[in-house]
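Participant: So the chains spell out like this:
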Amino acid sequence: MLDIIQTVPIDYFVYLSTLLFGIGVLGVLTRRNAIIVLMCVELMLNAVNLLLAAFSTYLGDAQGQIMVFFIMVVAAAEAAVGLGILVMIYRNTKSTDISLLDNLKY
Amino acid sequence: MQFLLPLIPLLPFAGFLINGLFGRRLPKTAVGLIGSGTILGAFLLSVAVFSSVRDGAAIQQTLYTFLRVDSLQVQFSFLADPLSAWMMLIITGVGFLIHVYSIGYMHDDEGFWKFFAYLNLFVFSMLLLVMGDNFLMLFFGWEGVGLCSYLLIGFWYENRAYGHAARKAFIMNRIGDLGLLLGIFLIFNTFGSLQYKEVFEGVANYQNNAWIPTAICLLLFVGAIGKSAQIPLYTWLPDAMAGPTPVSALIHAATMVTAGIYLVARCSSLYALAPHALEVIAITGLATAIFAALIGLRQNDIKKVLAYSTVSQLGLMFLALGMGAYSTAIFHVTTHAFFKALLFLGAGSVIHALGGEQDIRNMGGLRKALPVTFWVFLIGTLAISGFPLLSGFFSKDEIFAKTYEHGGALWWALAATSGLITATYMGRLLFVTFFGEFRGTETQRAHLHESPAVMTIPLIVLAVLSVVGGFLNTPHFLHLGGSEWLSHYLAPALVRPATSETHALDAQTEWLLMGITTVLALVVLVLAYLAYAVRRSLPVADSAMQPVARLLANKFYVDEAYDFLFVRPLEKISKMLHYYADIQAIDGVVNGVGRAAQFLGAQFRKLQNGNIEYYLLAMVVGAALLVGSLFI
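Quick mapping for you: the protein sequence lines, in order, are chains A and B. Take any residue in the first sequence, note its place counting from 1, add 316, and you have its number in my numbering. Take any residue in the second sequence, note its place counting from 1, add 20, and you have its number in my numbering.
Calculated directly from the structure, the hints in this document are not laboratory data. For every residue, glycine included, the Cβ atom is placed at its ideal position computed from N, Cα and C. A few of these clues could be false.
Away from chain B, derived, C-beta distances all over 10 Å, residues of chain A [said to hold, decoys possible]:
#: 1; residue: LEU354
#: 2; residue: LEU368
#: 3; residue: ALA370
#: 4; residue: GLN379
#: 5; residue: GLY398
#: 6; residue: MET404
#: 7; residue: THR409
#: 8; residue: LEU420
Label-pair distances were calculated between CB atoms; the ranges are [to be verified]:
#: 9; chain 1: B; residue 1: ALA622; chain 2: A; residue 2: THR334; range: 39 to 49 Å
#: 10; chain 1: B; residue 1: TYR600; chain 2: A; residue 2: ASP418; range: 28 to 38 Å
#: 11; chain 1: A; residue 1: ASN408; chain 2: B; residue 2: ASP607; range: 46 to 56 Å
Please work from the sequences and hints to get the whole structure.
Facilitator: Pasting the structure below:
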């Protein structure tokens with residue numbers, strides 16, 4: 317199995333992962349819809365997962381995949397909490413636009 | 021015997037505490053009894069101490085070590101030698117009489133208990149001054165009497181002018197105290213100790229250059245100028261007449277102002293090393309004697325005349341000191357205490373009878389209504405003018421004789437002139453006040469009454485003392501069995517200056533000098549009688565005065581000159597410093613720190629703009645920097 321995977325050089329995995337992460341960052345910084353922002357956060361987390369899994373295969377070390385497990389658990393929990401907060405925000409402001417949440421200022 | 025020593029100042033101090041803490045609730049009789057009783061107790065103890073030091077041996081008692089810093093060790097200890105024992109007698113004796121008088125004089129006053137508390141505190145401080153055996157205790161008492169003087173001058177504090185007078189007295193005193201302090205510092209620097217015994221031993225062995233003792237002596241004299249109201253620091257004493265009359269009698273006639281004389285007499289061995297300082301003292305004393313006497317000639321407030329008279333008599337005492345005649349000066353201190361206290365208390369009796377009137381132009385013809393007061397005032401006037409055989413006659417004559425001995429004819433003539441002016445203004449005062457027609461209001465005439473016994477008995481005692489007090493020190497040449505007792509008694513404590521190993525004057529010269537001054541004084545008194553009692557010529561109203569008279573009545577405008585030269589510039593400087601240094605600089609810095617903190621805070625809180633996208637960007641940038649720092 318390893319030889320099949322290794323016909324794709326590790327570099328490509330790095331580029332893909334970086335690209336995905338970058339898109340995620342851009343989404344978080346740019347989008348106004350809270351659901352999209354949460355999705356972009358998931359995107360960032362999954363980009364990292366991808367990279368960890370790729371390196372784990374290429375180095376033959378299972379530790380990378382263990383870490384993926386952990387990250388997935390945390391991502392799931394965080395998505396649940398984040399969506400819960402989103403529901404509360406919607407109930408208060410009848411919108412998912414995060415630029416409306418600007419009351420905590422000087 | 022020495023265990024009695026601390027009791028002497030302690031009794032008045034206890035009286036101060038009792039009257040000060042509880043006097044408000046005690047009945048007036050109790051307050052008066054406690055106040056006077058403590059002084060009487062102190063007087064009796066002083067008599068005991070006096071009789072044990074008569075032969076010249078000194079006794080000493082140390083209470084505890086007050087101060088121990090490096091090489092300086094100061095004890096709180098008392099010394100009774102002939103000089104200090106004599107001063108103690110005067111302070112407690114005359115003080116007791118004045119306390120008794122005050123029971124009557126201050127009877128209607130709300131602050132009766134406060135008055136006695138302050139008076140007791142004053143006697144305590146004055147006793148510390150004369151009984152201390154080192155310069156620090158002297159200074160302690162010196163400041164204490166200055167404080168009590170302030171408290172008592174401004175006793176009727178609701179009147180702002182009285183408060184200003186008290187403040188003026190205290191400040192002018194303080195100016196002199198600077199000189200005293202510098203002198204004490206120099207003494208410590210030169211002799212390594214502040215104790216009289218050690219310092220004077222050092223003086224006896226002193227071989228170095230003479231300017232240090234001269235400097236010390238001059239600085240100590242500056243302190244004496246302030247305390248004893250000599251030129252130029254005398255202007256506070258006439259203003260101090262704002263205080264109740266017993267205060268003027270006790271503090272500004274009999275005791276506090278004599279502290280300067282005591283200081284110089286105590287340091288007689290130091291002054292023996294510094295003849296130039298003695299010259300300065302003599303000149304200052306003589307100048308003050310004449311100057312103040314001239315001003316007194318045209319004053320119309322009964323107490324102001326006596327105040328200037330005090331300044332003038334103090335000048336005579338300093339003249340005696342300057343001539344090296346220390347025991348003569350102390351003799352005059354004694355007789356002056358008697359007759360000046362008498363005169364002040366008599367004036368108080370007059371003021372009391374007239375319900376507060378102090379202007380002699382509104383008095384007159386009082387000898388019928390106030391017979392006892394008149395007779396004692398007459399005795400006091402004769403004593404101060406040098407009427408033969410009264411106390412003042414002997415003491416003044418001795419001063420004049422010593423002046424002639426050590427200074428020559430010119431000094432003697434000037435001193436005698438001051439004596440004549442004294443006789444003039446005192447005669448004027450006596451005759452205008454007690455002779456002629458009564459010039460007051462009808463209500464005053466109806467209320468004229470002699471003072472109660474509690475006031476007249478001290479007057480009579482002082483009058484008797486003024487008459488016989490002269491026999492304490494009668495000179496030999498008079499062949500009256502004179503023994504010069506006081507001079508011999510004080511001799512162990514005083515050191516005569518080297519140059520005064522003198523030829524006493526021969527009897528003929530002494531008779532001549534005495535004769536001239538006495539005859540002239542009597543002539544002047546008779547002239548005053550003719551002018552003021554017979555011809556009824558009155559001191560004129562302020563507006564109608566001749567130029568010379570106006571100059572004298574306005575005290576040679578010295579107060580105005582001081583105000584212009586010193587007070588106004590100081591106030592200006594003070595205001596400028598207040599504005600530039602205090603408000604602009606210091607407040608600027610302190611408030612500036614506050615303003616800077618506020619400014620920074622205002623800038624920093626702009627970070628909290630509530631914009632979520634901004635926060636997210638901040639998080640991303642922060643994370644990027646953090647990671648990037650790992651690669652650096």
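Participant: Does each hint fit the structure? Answer for all of them.
Facilitator: For each hint, the structure was consulted:
1. LEU354: holds, 12 Å
2. LEU368: holds, 17 Å
3. ALA370: holds, 20 Å
4. GLN379: Given that every Cβ of chain B is farther than 10 Å from that of GLN379(A), nearest at about 21 Å, it holds.
5. GLY398: Non-interface label stands for GLY398(A): nearest chain B Cβ at 13 Å, farther than 10 Å.
6. MET404: holds, 15 Å
7. THR409: It holds; THR409(A) is separated from chain B by about 12 Å at its closest Cβ, greater than 10 Å.
8. LEU420: It is violated; LEU420(A) is separated from chain B by about 5 Å at its closest Cβ, not greater than 10 Å.
9. ALA622(B) to THR334(A): 39 to 49 Å: Given range 39 to 49 Å: holds, Cβ gap about 41 Å.
10. TYR600(B) to ASP418(A): 28 to 38 Å: For ASP418(A) against TYR600(B), whose Cβ atoms are near 49 Å apart, the range 28 to 38 Å is violated.
11. ASN408(A) to ASP607(B): 46 to 56 Å: Between ASN408(A) and ASP607(B), where Cβ atoms are some 50 Å apart, the hint holds.
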